[in-house]
Amino acid sequence: MEYVLDSGAHSTYSLHYHLILTTKYRRGVLTEERTQFIHEVIRGFTDNYGVEVTNLDGEDDHVHILFRAKPTTDLVKFINTVKGATARRIRNEYEDELKTELWGDSFWNDSYCLISTGQVSLDVLKQYVEDQRE
-13 MEYVLDSGAH STYSLHYHLI LTTKYRRGVL TEERTQFIHE VIRGFTDNYG VEVTNLDGED
47 DHVHILFRAK PTTDLVKFIN TVKGATARRI RNEYEDELKT ELWGDSFWND SYCLISTGQV
107 SLDVLKQYVE DQRE
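All residue numbers for the sequence shown refer to the working numbering, where the first residue is -13 and numbers rise by one.
Derived by calculation from the structure, the hints in this document are not laboratory data.
All figures in this text were calculated on a predicted structure; none of them were measured in a lab.
Among the hints, a few may not be true.
[Stated by the list, open to error] Simulated pairs of lysine-lysine, DSSO-like, Cα-Cα distance not exceeding 30 angstroms: (1) LYS63 with LYS10; (2) LYS56 with LYS69; (3) LYS63 with LYS85; (4) LYS85 with LYS69; (5) LYS85 with LYS10; (6) LYS69 with LYS10.
[Unchecked claim] Distance ranges between label pairs, derived from CB positions: (7) GLU19 with LEU52: 26 to 34 angstroms; (8) LEU(-9) with ARG12: 18 to 26 angstroms; (9) ASN78 with ASP46: 32 to 40 angstroms; (10) GLU81 with TYR(-1): 38 to 46 angstroms; (11) ASP46 with SER(-3): 19 to 27 angstroms; (12) GLN22 with ASN66: 44 to 52 angstroms; (13) LEU52 with GLY(-6): 15 to 23 angstroms.
Think of the CB as a built atom: it goes at the ideal place given N, C-alpha and C, for glycine as much as any other residue.
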């Protein structure tokens, strides 16, 4: 299997992340429709951050967002934008349905989990060295 490396003007990189967001109070308010809505909202601004969402899935109380980023991506700013934009949009779109489960302006839990998912191996390093020879 060939490993895909991204490149910039002076760098070669592969930055993959797994972001997990949980709903406030772990309320089971995420349906398939709402999860898809969240994906669409995120897709609307990923280019501004140099991010590509490769997968978004979840259950009724959390979402998993797998994404690729550039070395210059401000991850904290991106995550705060994801949380803020999706919370506002989903609360506006589903206000009547959510008001009995969530109150105030809250939608997401204050914390989040971000895991780097790099797949560095000897093969990747060999490929990088070979690419540099070309």
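Legend entry - In rising order, the numbers of the hints this structure does not comply with: 7, 8, 9, 11, 12
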